[in-house]
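**Student:** Dock chain to chain to rebuild the complex, using the hints, since each chain is given by itself in its own frame.
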Amino acid sequence: AAGVIQSPRHLIKEKRETATLKCYPIPRHDTVYWYQQGPGQDPQFLISFYEKMQSDKGSIPDRFSAQQFSDYHSELNMSSLELGDSALYFCASSLGGVNSPLHFGNGTRLTVT
Amino acid sequence: AQKVTQAQTEISVVEKEDVTLDCVYETRDTTYYLFWYKQPPSGELVFLIRRNSFDEQNEISGRYSWNFQKSTSSFNFTITASQVVDSAVYFCALRGAGTASKLTFGTGTRLQVTL
Chain Y
1 AAGVIQSPRH LIKEKRETAT LKCYPIPRHD TVYWYQQGPG QDPQFLISFY
51 EKMQSDKGSI PDRFSAQQFS DYHSELNMSS LELGDSALYF CASSLGGVNS
101 PLHFGNGTRL TVT
Chain C
114 AQKVTQAQTE ISVVEKEDVT LDCVYETRDT TYYLFWYKQP PSGELVFLIR
164 RNSFDEQNEI SGRYSWNFQK STSSFNFTIT ASQVVDSAVY FCALRGAGTA
214 SKLTFGTGTR LQVTL
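First to last, the protein sequences are chains Y and C. Be aware that the first sequence starts at 1, since it is given in our numbering, and climbs by one per residue. Be aware that the second sequence starts at 114, since it is given in our numbering, and climbs by one per residue.
Hints are computed from structural coordinates only; laboratory data are not their basis. Keep in mind it's a predicted model, so treat the numbers as computed, not measured. No residue lacks a Cβ here, since even glycine has one placed at the ideal position from N, Cα and C. Hints may be right or wrong, so weigh each one.
To be verified - Below are the DSS-like pairs computed for lysine-lysine, each with C-alpha atoms no more than 27 Å apart in a straight line:
#, chain 1, residue 1, chain 2, residue 2
1, Y, K57, C, K129
2, Y, K22, Y, K57
3, Y, K22, C, K151
4, C, K151, Y, K57
5, C, K116, C, K151
Unchecked claim - One-sided excerpt, in silico: chain C residues whose CB lies under 10 Å from chain Y:
#, residue
6, V126
7, T143
8, Y146
9, Y150
10, P154
11, S155
12, L158
13, F204
14, S214
15, T217
16, F218
This is chain C alone, in the form it adopts within the complex (with noise of 0.2 Å):
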């Protein structure tokens, strides 16, 4: 069985701040796919980013940043310099490796950047 742990349920910051959303998960399975998903206020899903379990190479795009630990099972995002656009619920989620596998959605972080 998956399972996708977000600890945080609500963070609040200032514009400009960076911000850290932490993702914990469990799987049985040795190759999997990581993804962070971005719900605003409008209800829509947007993808974001997606690693690969075999690639632990961290990157940054943007003003988004990754940071991938397969020793801890952690897939911690980072919004940098903060916006009110960035305002949203994020959900971190992971796939198995079997062809048209389901998303396992953790239970989300509710960002909230204010002026």
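With the rest of the complex left out, here is chain Y (with noise of 0.2 Å):
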């Protein structure tokens, strides 16, 4: 069964560089989800699309922001990029329904230097 896809898996940047990492949700689904877990920590939620719109924004610098696309990838853009931002960072998709699981990629590792 097709996954949601993550790209790229690893991601090392410098201080105050530019970082885009994409996402490709299960084919169908309507809504993107993305997470950062640092180290040790639980996943916690940045921003979700529904319906290339977005529905709910948690914790997401201003330096983040986020889209949706017409065929449903996601991409999320992080500029000015901090050593904090170390992290590794998931999307998830699931179909809108509030009974519908998350599905989680493999994420992306970044790593700021």
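**Tutor:** Encoded structure:
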């Protein structure tokens, strides 16, 4: 079965640089979520999109932005990177119905040096 | 606001032992959904089980079973006859009833199964 695809798997950036993370949801899933997981931490919700519109926003820094495109893929743009942005970034997708579980991609490990 | 508490930070068992992971949640929603996810050392988050707030029937699925008690706001997860491959961090998570509502995770319980 198709899963959520995230790219790249690993990314190394320097401070103050910009990074773009991509997410391709499971086909026919209409909702995309972004989560950030620091070392030894639980995943923290950043932002979500339902039918290409932002549906909820969590603890996402102003330096970050995201969008969902017409083909339902999503991109998380991160600017002015800081050392503290080093983390595992997950994208998840689901059907809009509340009973649907979120299916997570394998994550992008971002290292900021 | 929603909150999920997993008081057990780390559990160590010997293979073939049964192990129960505790989860307590807080929510003001009358309808909500509870989940367990597994995060093995490779890092991916794997969906395990789901329970609706209006269905307190407990079930068994293979070596997994869960005990949902609305009266105590608990959603405990049991692995029977644990195996080394069960070693992972297990997250309990809560989701509200709104369309596209987010998952709120607990802090996770690291399970170490040894031979």
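**Student:** All the hints need checking, so say for each whether the structure fits it.
**Tutor:** Right, here's what the structure says about each hint:
For the proposed pair K57 (chain Y) and K129 (chain C), the alpha carbon gap of about 43 Å is over 27 Å, so the pair is violated. Restraint check for K22 (chain Y) and K57 (chain Y): satisfied, since their Cα atoms lie roughly 18 Å apart, inside the 27 Å limit. Between K22 (chain Y) and K151 (chain C), the direct Cα distance comes to roughly 23 Å. Compliance with the 27 Å bound is thereby established for this hinted pair. Straight-line distance between C-alpha atoms of K151 (chain C) and K57 (chain Y) comes to about 25 Å, which keeps the hinted pair within the 27 Å bound.
Distance restraint check for K116 (chain C) and K151 (chain C): the Cα-Cα separation of roughly 19 Å lies within the 27 Å cut-off, and the hinted pair is therefore satisfied. Annotation: interface hint on V126 (chain C) violated; nearest CB of chain Y at approximately 21 Å, more than 10 Å. Against a cut-off of 10 Å between C-beta atoms, the interface hint on T143 (chain C) is violated, since the closest Cβ of chain Y lies about 13 Å away. Annotation: Y146 (chain C) was flagged as interfacial toward chain Y, and the flag holds, the nearest CB pair being 6 Å apart, inside 10 Å.
This hint holds: Y150 (chain C) has a C-beta 8 Å from the nearest C-beta of chain Y, less than the 10 Å allowed. Because the closest C-beta pair between P154 (chain C) and chain Y is about 13 Å apart, greater than 10 Å, the hint is violated. A least Cβ separation of about 8 Å between S155 (chain C) and chain Y falls short of the 10 Å threshold, and the interface hint therefore holds. Annotation: L158 (chain C) was flagged as interfacial toward chain Y, and the flag holds, the nearest CB pair being 4 Å apart, inside 10 Å.
Using the Cβ-Cβ criterion of 10 Å, the hint placing F204 (chain C) at the interface with chain Y is satisfied: the shortest such distance is roughly 6 Å. For S214 (chain C), the suggested interface contact is upheld, since its CB lies about 6 Å from the closest CB of chain Y, less than 10 Å. For T217 (chain C), the suggested interface contact is upheld, since its CB lies about 7 Å from the closest CB of chain Y, less than 10 Å. A distance limit of 10 Å between C-beta atoms decides the matter here; for F218 (chain C) the minimum to chain Y is near 4 Å, and the interface restraint holds.
Checked against the numbered hints above, the structure breaks hints 1, 6, 7 and 10 and satisfies the rest.
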